[in-house]
Amino acid sequence: MKIHNFIRRSASYLITTAGLFATLCMMSHAGHAQSENVPSFATTGHFTVCTDPTLPPMTFVNGQDTRDLAGFDIDLARELGRMWHADPTILTMDFEGMLPGLSSHRCDMVISGIMKQAGREKNYDAAAYLDSSIVVIARSGTPRITSLDDLSGLNVAVQSGTSYATLVEKTNQHLIQSGRAPIGLQQYPAEDQVVQQVLLGRAHALITQDVEVYYRQKQLGGKVTIILKPDNPDFREFGAYISKDPHNKEILTQTVSSLKQQGILENLSRKWNISNAQEQAFTEKAAPSAFSLEVFFSALTSMAFVKGAALTLIVAVLSHLTAIVISIPVALKLNGPRSPLQMLLSAYVAVFRGAPTLLQLLFIWNALPQFFPIFRESWFTPFLATWLSLSINESAYQVEINRAALRAVDQGQLVAADALGMKRSQIYRHVIFPQALRIALPPTINEFISLLKTTSLASVISLQELLAVTQIQVARTFEFTEYYSAALVYYLAMVFFFLFLQKRIERRFSWADRNKATGHGQ
Amino acid sequence: MVSDTAPNPDIRISIRNLNKFYGEFLALDRLSLDIDKGEKIVVLGPSGSGKSTFIRCFNRIEPHDSGTLMIDGQVIDDRTDLATLRGRVGMVFQNYNLFPHLTVLDNCTLAPRLVRGTPREQAEEEARRYLAQVGIGEQAGKYPIQLSGGQQQRVAIARALSMNPEIILFDEPTAALDPEAISGVVAIMEDLAAQQITTICVTHEMGFARRIADRIVFMDKGSILEVAPPQEFFTAPRTERARAFLDQMIQF
Ligand SMILES: Nc1ncnc2c1ncn2[C@@H]1O[C@H](COP(=O)(O)OP(=O)(O)O)[C@@H](O)[C@H]1O
Ligand SMILES: [Mg+2]
Chain W
533 MKIHNFIRRS ASYLITTAGL FATLCMMSHA GHAQSENVPS FATTGHFTVC TDPTLPPMTF
593 VNGQDTRDLA GFDIDLAREL GRMWHADPTI LTMDFEGMLP GLSSHRCDMV ISGIMKQAGR
653 EKNYDAAAYL DSSIVVIARS GTPRITSLDD LSGLNVAVQS GTSYATLVEK TNQHLIQSGR
713 APIGLQQYPA EDQVVQQVLL GRAHALITQD VEVYYRQKQL GGKVTIILKP DNPDFREFGA
773 YISKDPHNKE ILTQTVSSLK QQGILENLSR KWNISNAQEQ AFTEKAAPSA FSLEVFFSAL
833 TSMAFVKGAA LTLIVAVLSH LTAIVISIPV ALKLNGPRSP LQMLLSAYVA VFRGAPTLLQ
893 LLFIWNALPQ FFPIFRESWF TPFLATWLSL SINESAYQVE INRAALRAVD QGQLVAADAL
953 GMKRSQIYRH VIFPQALRIA LPPTINEFIS LLKTTSLASV ISLQELLAVT QIQVARTFEF
1013 TEYYSAALVY YLAMVFFFLF LQKRIERRFS WADRNKATGH GQ
Chain D
157 MVSDTAPNPD IRISIRNLNK FYGEFLALDR LSLDIDKGEK IVVLGPSGSG KSTFIRCFNR
217 IEPHDSGTLM IDGQVIDDRT DLATLRGRVG MVFQNYNLFP HLTVLDNCTL APRLVRGTPR
277 EQAEEEARRY LAQVGIGEQA GKYPIQLSGG QQQRVAIARA LSMNPEIILF DEPTAALDPE
337 AISGVVAIME DLAAQQITTI CVTHEMGFAR RIADRIVFMD KGSILEVAPP QEFFTAPRTE
397 RARAFLDQMI QF
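Here the protein sequences line up with chains W and D, keeping their order. For the first sequence, this note's numbering assigns the number 533 to the initial residue and increments by one for each residue that follows. For the second sequence, this note's numbering assigns the number 157 to the initial residue and increments by one for each residue that follows.
Since the hints were derived computationally from the structure, they do not count as laboratory data. Remember, predicted model here, so these are calculated numbers, not experimental data.
Restraint-style ranges between C-beta atoms, simulated for each label pair: (1) 1035/W / 234/D: 44 to 54 angstroms; (2) 387/D / 874/W: 50 to 60 angstroms; (3) 223/D / 869/W: 22 to 32 angstroms; (4) 864/W / 203/D: 26 to 36 angstroms; (5) 868/W / 388/D: 41 to 51 angstroms; (6) 864/W / 223/D: 31 to 41 angstroms; (7) 1032/W / 294/D: 29 to 39 angstroms; (8) 888/W / 203/D: 48 to 58 angstroms.
Which stretches of chain D does chain W cover? Using the computed rule of at least three CB atoms under 8 angstroms from a CB of chain W, they are: (9) 237-250; (10) 262-270.
Below are the DSBU-like pairs computed for lysine-lysine, each with C-alpha atoms no more than 35 angstroms apart in a straight line: (11) 955/W / 193/D; (12) 803/W / 792/W; (13) 377/D / 955/W.
Here a beta-carbon is modelled for each residue, glycine too, at the ideal position from N, C-alpha and C.
Could you put together the complete structure from these sequences and hints?
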C-alpha cells in the first residue's frame, strides 16, 4: 500500500515535470531538451543554410527583391527548421563558396540543388532529399544520342564547380584512351549563362538536372530538347550537406525521411513542378524574344537595381577612402629613410598588388575565419569582408600613386618652408599635400573607377551589389540583354559622374598651368 | 682678421671653430668669423667648397657638429627654438622655391600666419608693403608660374622679409637671372642694408660681389681662406688658391 502510493505519487510528479518541461521547451522555441532529434548546430534555435539562388526551381530569387528567396530547397530548409524548432537563416552566396562555408562555419547547412556524391561525402556529410536525373540538352531538332561518348569532339557547357564538369572529364579520359576526340568543356559561373551558350550555338549541348529543365519550360520551350538522360550513380539524388558529424548526419537523415513519410516532400515537388509529367509539355512552343524596352525600363527603375547600385557605390567609396587613409602614412614611410618597418611595408604593397583581387576576397571570406574564429560570427557580413579586402587591396595601389605624387613635389619647397620656421605638420598640410594632391588626383580617380567595377567581384561572397542583382534577375527571367543593359546604364552613370567630378576638381589646380592660371586681378 | 679668442657679444654674428660633418666627410673645417649688424657679406669659393653648408648653419637648416655660433649674443644649438631662429634669419634660394599652388600674396602670408599666428588681414597688409618694396606690388594676385624669373626672385625676397628678419641668407640668388634682373636684386640688397638688415650672400657673379659686398669671405675645401673688403680681395688676393680662383672666374 505504502509502496503503491509512492509509485503513484512519483508518477504524477513525473508527469507534471514532463508537462512543465514541454511547455518550457515550446516557450523557448529552442528545444535544448530535444537534442536527441535536433542536430547540434540547431540547438540554439537558429541555424544557417547557405544557398546559391541561381538554380530554379530548387533555389532562386522570386521577383525583383533579391532577399525574396524561393524554391524547393528554401521550403525544405523551413520544413527542417519546423521539425527542429529552430529558425533557418538563409545566406546566399556563390556556388564555389558554399561547401568551404561549412568548413569556415559560416554555413551550418548547404541546400542548393547539389548532388549527393561519394566524392563530396569524403569531406562533408549529406542526406538525400529528392530523386533527380541528369539530362543532356541541345537545341531543338538535334537528334537523340545514346551515351555521353557521342558528344566526342563537340562543345558542352556546364556550370563551373558542379560535378557535371567532373563527369565530362571522366568521359574524356575514356574517349582519349579509345583514340577519340575529347568533349570540349565550357564552364560558366551561372546556370543561365550555360543555357545561353547552347541557345547561341556556341556549345552543342549542356548538362544539367531534369528539375531545372522542367522549371525553365516557359523560357526554353521549343528552343531546346533533351537528347540524353544518362543514368549515373553520382547523379541520382539531391543532398543537403553539413559538416562531418555522424550524430548530426543521423538526425538529418531521419528528419528528411520523416518529411518524406508525411508526404511533405511530395507536396513540395508538386508545388515546384518537379515531375516527369512535365517532360511532355516541354516541347510546346514559346514566344520568340527580342529586346523588350518594357523589361529594360522596369529593371532600370526597380528597387533591386537601385539598391544594388547604391551598394556598389557605397562599398567602392568606403573602400577607397579607407585605402587613402592607410596609404598616406605608408607612402610617407616608404619615401623616408630605410628601416625594418619599411621592408615590411614594401612586402605588404608587393603582396597586395600581386595577388588577384578575387583571390583576396575569397581568402578573407573563406580562409580568414579558419584562423580567427571571430570572423565566423554574424557581424562579419559580406559587406564588411568586401570593405576590408578592397581597402587593403586598393591601399597597395594608392601607396604607389601617393609615393610618386609626393616625390614629384620639389624638395626645394620643403627646405624653403623649413627656413620660414614652419613645423613639419604645417609643411605637409599647407605645402606638400596640396601639390601632391594635384599630381595624385587623375590616377586616383582612375583607380576609383576601376575599383567601382571591381566591386562586382564581391558577388562571389554573396554581396548583393549591382552585378549580383543583375545575375540573379537574369537567372530568374533569362532576359539577358535587358538586364545587362540596365546594369550597364548604372555603371556608366556612376563612372561619368566621377569623371565629371574630376574635371571640376582639376579646375582648382589651374596654378600649375601658365596658360590657364587665373590670378585674381589686383 | 679673425681671431680664436672668445666671441664678442656686441657683434651681431660670432662664429668660432665651427665644424660640420656629412658622415665621415668634413664639410666645414674650424670656421671662425664675426659679422656686424647691417653688414653685407659675400661668400665666394669654388663649387663644393662648403658655401651653402656654411650659410645653412645660420638658420640651422644644417646643424653644425661642434664650435659655437652666436647671434646677438645668443648661442645657437640644439636647444634653440627653431621657429624663433628662422623668424630672425630669413633665406632666399637660387631656384626661388616659391610655393606654386599659392598666389604671390599667399606665398608671403603663409609663414607669418602659421608660425606667428598673425591675423590674415594684418599679414596681407604687411606682405603688400614688402611686395611694393621689392617692386612687384601689382603682382600680388598672380601665381608664381605667371611671373618671370626676376619677379619670382623678388617674391622670394618679399616672402623672407615678411617674417621681418634681422638677417637674410642668399644662396646664389642671381644664378638663374639675366643681367637686368641682377641689377634689380642688387638694388634691393642695398636697400636691405640701409634698413640695417644683415645679408650673407653666396654668389658666383664677381661683378655683383664687388658691387654689394662690405667684405668678401673666400672658402675652399670647407675652410675660410680669406676675409677682406672687395677692393683688396679682387686686386690683391693673399692666397694662391684665391688667385687661381679669380683667374678662372675672369676667363669666363
Ligand atoms: N646633404 C649632404 N650630404 C652629404 N654631403 C653633402 C651634403 N650636402 C653637401 N655635401 C657635400 O659637402 C660639400 C660642400 O657642399 P656645399 O656646401 O653644397 O658646397 P657649395 O655650396 O660651396 O657648392 C660638397 O662636397 C658636397 O658634396
Ligand atoms: Mg651651393
